[in-house]
Amino acid sequence: EPEVTQTPSHQVTQMGQEVILRCVPISNHLYFYWYRQILGQKVEFLVSFYNNEISEKSEIFDDQFSVERPDGSNFTLKIRSTKLEDSAMYFCASSVGGSFYEQYFGPGTRLTVT
Amino acid sequence: AQRVTQPEKLLSVFKGAPVELKCNYSYSGSPELFWYVQYSRQRLQLLLRHISRESIKGFTADLNKGETSFHLKKPFAQEEDSAMYYCALMGAQKLVFGQGTRLTINP
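If you read the sequences in order, they're chains V and Y.
Using this note's numbering, you'd call the opening residue of the first sequence number 1 and step up by one each time.
Using this note's numbering, you'd call the opening residue of the second sequence number 1 and step up by one each time.
Treat the hints with caution; some may be incorrect.
[What the hints assert, rightly or not] The list that follows gives simulated cross-link-like pairs (lysine-lysine, DSS-like), each with its CA atoms no further than 27 Å apart:
| hint | chain 1 | residue 1 | chain 2 | residue 2 |
| --- | --- | --- | --- | --- |
| 1 | Y | Lys57 | V | Lys42 |
| 2 | Y | Lys9 | V | Lys42 |
| 3 | Y | Lys73 | Y | Lys57 |
[To be verified] Covered stretches of chain Y (in silico footprint by chain V; criterion: 3 or more residues with CB under 8 Å from a CB of chain V, positions within the stretch not fixed):
| hint | stretch |
| --- | --- |
| 4 | 44-51 |
| 5 | 92-100 |
If you are wondering where the hints come from, they were derived from the structure by calculation, not from laboratory data.
None of these values were measured; they are calculated from a predicted model.
Think of the CB as a built atom: it goes at the ideal place given N, C-alpha and C, for glycine as much as any other residue.
Can you make the complete structure from the sequences, with help from the hints?
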């Protein structure tokens, strides 16, 4: 069964550095999402992406964040200048359609900012 | 505002006992609700959604619009049900999750 994949599984970076988290969504899916989960807290929506543009974003997704689909398979989340509070588990998800379709989640990337 | 509340962070029951994981929501429109499960060292996966009215792994959930609830139930818990359970609300192309309930089934 096709799955969403994410790399790396764990990323350690220093405060102020740029990081890129990578995701390969399921191949026939058209909608892509990023969520994050700070340790001990709930899973929070960051951004949704469709047709090569952001369709919805949360207040967390400020100018330090960007997303890109650089080719036909990858979907990336970039954090320009990481802060300590960016330390979290980042989940990518994809779905074949919009709102009423199941979102399939990747295994997550644990980002640790020191 | 869209909000999902799961009042219990931890729930522990014995094998064979009934299970109920509570979920309440706040949403102005017609809600689309889901239960996601995360087994140990595995990814988040959809358990069930209210619109399909299915029973998955013996679990059911009924949407009660009057009480704004979507509680997850299973009549007889099994050890393999031990996991983290998240209630989620779909709104405007995003899932809004509750805090999650860690369910432990004791032998």
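Run the structure past the numbered hints and jot down the numbers of the failing ones, going up.
-> Violated hints: none at all, because every hint is consistent with the structure.
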